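J.: Chain by chain, the residues run as shown.
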Amino acid sequence: MALLFYEASTRTRCSFELAAKSLGASTTLVSTTASSIEKGESLVDTGATLAAMGAECIVIRHPSSGAPHLLARHLTIPIVNAGDGMHEHPSQALLDCFTILQHRRSLQGLRLLLVGDIFHSRVARSNALLLTRLGAQVTFCGPPALLPDVAQTIAPGVSITRDFDSALPTADGIMMLRVQKERLAGLQLSVDDYIRDYQLTSQRMALAPEDALVMHPGPMVRGMELTSEVADCARSLVLEQVRNGVAVRRAILLRALGGRA
Amino acid sequence: MTRKHDVTGTHPLLISGGTLITGTGEMRRGDLLIEGGNIAAIDDVGRIPERGQTVLEARGLLVSPGFIDLHVHLREPGQSHKETIATGTAAAAAGGFSTVCAMPNTTPVNDSPEITAWMQKPQRRAMVKVRPIAAATIGSSGERLTDFSALVKAGAVAVTDDGRPILGASIMREALMASGALGIPVIQHAEDTRMSQGCTMHEGPTSFRLGLRGVKAEAEASIVARDIELAKETKAHLHVAHLSTAAALEQVRQGRKSGAYVTCEVTPHHLLLTDEEVGDYDTNCKMNPPLRAESDRQAMWEGLHDGTIDCIATDHAPHAAHEKDQEFDRAPFGVTGLETALPIALMVAGGDPQLAVRWLSSNPASVMGWKDVGALRVGVAADIVIFDPAEEWTFTASESKSKSKNSPFIGKGFRGRVQYTIVDGRVVWSL
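These protein sequences, in sequence, are chains A and B. To convert, note that position 166 of the first sequence is 174 in the numbering used here; the numbers rise steadily by one, no gaps. To convert, note that position 251 of the second sequence is 257 in the numbering used here; the numbers rise steadily by one, no gaps.
Please keep in mind that the hints were generated in silico from the structure rather than gathered at the bench. Please read all numbers here as calculations on a predicted model, not as lab measurements. Heads up, a few of these hints could be off.
Unchecked claim - Okay, derived cross-link-like pairs now, DSBU-like style, lysine-lysine, Cα gap no bigger than 35 Å in a straight line: (1) Lys407(B) with Lys47(A); (2) Lys159(B) with Lys377(B); (3) Lys47(A) with Lys411(B); (4) Lys411(B) with Lys222(B); (5) Lys407(B) with Lys127(B); (6) Lys238(B) with Lys263(B); (7) Lys222(B) with Lys159(B); (8) Lys409(B) with Lys47(A); (9) Lys189(A) with Lys222(B).
What the hints assert, rightly or not - If you anchor each label on the Cβ, the simulated ranges turn out as follows: (10) Thr402(B) with Arg141(A): 32 to 42 Å; (11) Thr402(B) with Gly231(A): 57 to 67 Å; (12) Ser155(B) with Thr41(A): 31 to 41 Å; (13) Asp53(A) with Asp312(B): 42 to 52 Å; (14) Ser147(B) with Arg19(A): 56 to 66 Å; (15) Glu49(A) with Gln260(B): 50 to 60 Å; (16) Arg119(A) with Thr402(B): 50 to 60 Å; (17) Met61(A) with Ala156(B): 34 to 44 Å; (18) Pro71(A) with Thr30(B): 16 to 26 Å; (19) Pro211(B) with Pro71(A): 17 to 27 Å.
Said to hold, decoys possible - Calculated from the model, a selection of chain B residues having no Cβ within reach of chain A, i.e. all distances over 12 Å: (20) Thr113; (21) Arg131; (22) Gly145; (23) Ala156; (24) Thr212; (25) Leu216; (26) Gly265; (27) Asp286; (28) Trp376; (29) Val384.
No residue lacks a Cβ here, since even glycine has one placed at the ideal position from N, Cα and C.
One chain only, chain A, in its complex shape (with noise of 0.2 Å):
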């Protein structure tokens, strides 16, 4: 199995080549530096050359929104997305979906509340198209710079709100999603404001109901989307959804190899 990495990762890459290895696969990571790709080689030859060389799947992160998909056309083994571009990022929004459900019966009717840079994060997009499909209603929050008007038209059962505050009490789950600094910086929106507008806190975790889910794909900014004490506090689920990903992530790759692995 290849592990096909054109950017940086932590929790997916480790969590893909532990689920492998915990299946009996082999692995081999192939990323951007120490490799052809600096010399120019083009995602479709890397991809041929890595299944030319006995590779039986291709788990793909990359830059580039649709990469994988351009490596399904090309290819007949399985193509993985371990998160591409601003797209989607299926595995989180699965391991995601399987951390609400050792807590929920069902996510049908569940409100979930996904705060952040919604525009640019892929972890949003695969969650609304994932969530809303088994019946819970995703409400995005956020400003308008990272959260278009148009991103309710992703699914059905979407909408959106600049109004974190009165979101909350409502909200069965809240899915904080990561800032940056420098994201911000370019879009001329203050840090300040941001942290006043809808940074979790202690204070508004206050206003949701006692038993809300707080969820973090990672890496997390503490002291920007969250603060370190809800972050850490006994309702974040953080840890238990890095867990969950080793496990939902061999269920993916047994699902991909047909069960030959």
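Fit chain B to the supplied structure of chain A, relying on the hints for placement.
T.: Just chain B now, kept in the frame of chain A:
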């Protein structure tokens, strides 16, 4: 009538029994005689005396002035792995075009009389007439004007920095003043590139879902609005390339009402496709301007029918397979279009072939102020297309004459097909 000497070496040719669309508002059955590369006679069927001409049977077919494409990328000099003047004009001939205007974004950029002349040399083996459009600024870098008058002398018919829009208002004003004095248009690819950095498609639900950065429609309309003001002030001719948004169309409509000398074109793909066609990252639906929303697409139809949009131009932009076969954001912008323009024009024309011919031939001729093309008239060069408006066919990569196959219409079925293309009396394409 004395028989003219056959200067082009072609045998006299009688196009017999077809329906002539003259491009001057007339459509009737008739015969057309070509001698010496020119149209020698037009008359009722059977009225032109038999004098041993080759007869081209055109019964059931439409005979019209050859099509004129104001916007093609022939990629020579410098990018001959994508297309050459020979292959690009072969595709033009197959599409019924007898004249194509070649954009200057070659390598190097066509900003000199030398390159302009080089493109028109017989050694390029052009199948149809090539009219170079030269760069408006040196290297198309938007800073200093090229020598318009030397370029025109060398054969350039317009100036543009297509693909690298002229953003600076003062350099655009200078370009309009200089071109106005020479009676040629400045062609602008209207895109405020400050608003479209990193954008690969139209901004809308599809771009959001695909996680691709989308360019706003305003990036086009704002430049069109600015340019129209400058065109009014300088009284020069502004031609807006590949108009794609309802907002920019409205700017042109208002600009015309207020007296600006502004013309514009639309591409076949903007008439037929929307941003949703990008689907799962189909790079053959990646072009600039991008495929727009359905409302924009409908506006393009209205614009053509109400005359705000003068003509159809293909923006034929060939790219090699390996260049398009990349991540969506890395693949180059552009699609081929010469060979599929006619059936799309016929579709938009709603079955009125005269309208299609107006958009593909007479109107582009009048945009450029060309009197000797765009109409069937005795005495002018015999640039003629003969087509069957009802033939159903499928456009395939293997049959495409372009060196590149990056078309969103590969495998698509069409109605209406070019049978013969004639340039200066010579049959350069026959099905």
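J.: Would you pick out the hints that fail for this structure and give their numbers low to high?
T.: 7, 12, 14, 17, 18, 24, 25 and 27
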